Amino acid sequence: MRFLIDAMLPHRVAHLLNELGHDAISPVSLGSPTMLDSRLIEIATSDRRVIVTENIKDFAAVTRCSVLSVRKTWWPNEALVTRIVAAVDSWSRVNPEPGFWAHWLDAELR
1 MRFLIDAMLP HRVAHLLNEL GHDAISPVSL GSPTMLDSRL IEIATSDRRV IVTENIKDFA
61 AVTRCSVLSV RKTWWPNEAL VTRIVAAVDS WSRVNPEPGF WAHWLDAELR
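Counting from 1, one number per residue, gives the positions in the sequence shown under the working numbering.
Keep in mind that the hints were calculated from the coordinates and are not lab data.
Since this is a predicted model, take the numbers as computed values, not measurements.
Treat the hints with caution; some may be incorrect.
Across the chosen pairs, the derived CB separations fall in these ranges [to be verified]:
#	residue 1	residue 2	range
1	LEU36	TRP101	17 to 27 Å
2	ARG48	PRO76	29 to 39 Å
3	SER46	ALA79	26 to 36 Å
Backbone N, C-alpha and C define an ideal beta-carbon position, used for all residues, glycine too.
Build out the structure end to end from the sequences listed, making use of the hints.
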């Protein structure tokens, strides 16, 4: 699956998702430490990527691409990156064709 990891999540999430066979990018890998939400939506729409973000309020009404909302507080800091990666990878297997709307990560995938 193709992902765009929002800047509020660790860039390493994209790297580890790539190691699992996904195609994941982040603002850092695109040459910018941050990007406007409108630009993220534009990239995700044109590249058919799922935006993975903690900022659901700014993406809740999106209908041009898929958005997956996660919360860093769901996992302990020392395991944050690996747990996000495992959860997003699991979510992608359960949702191989996600609709173009905002999705919450299911509790059983956390």
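Index of numbered hints that the structure contradicts, given in increasing order: No hint contradicted; all consistent.
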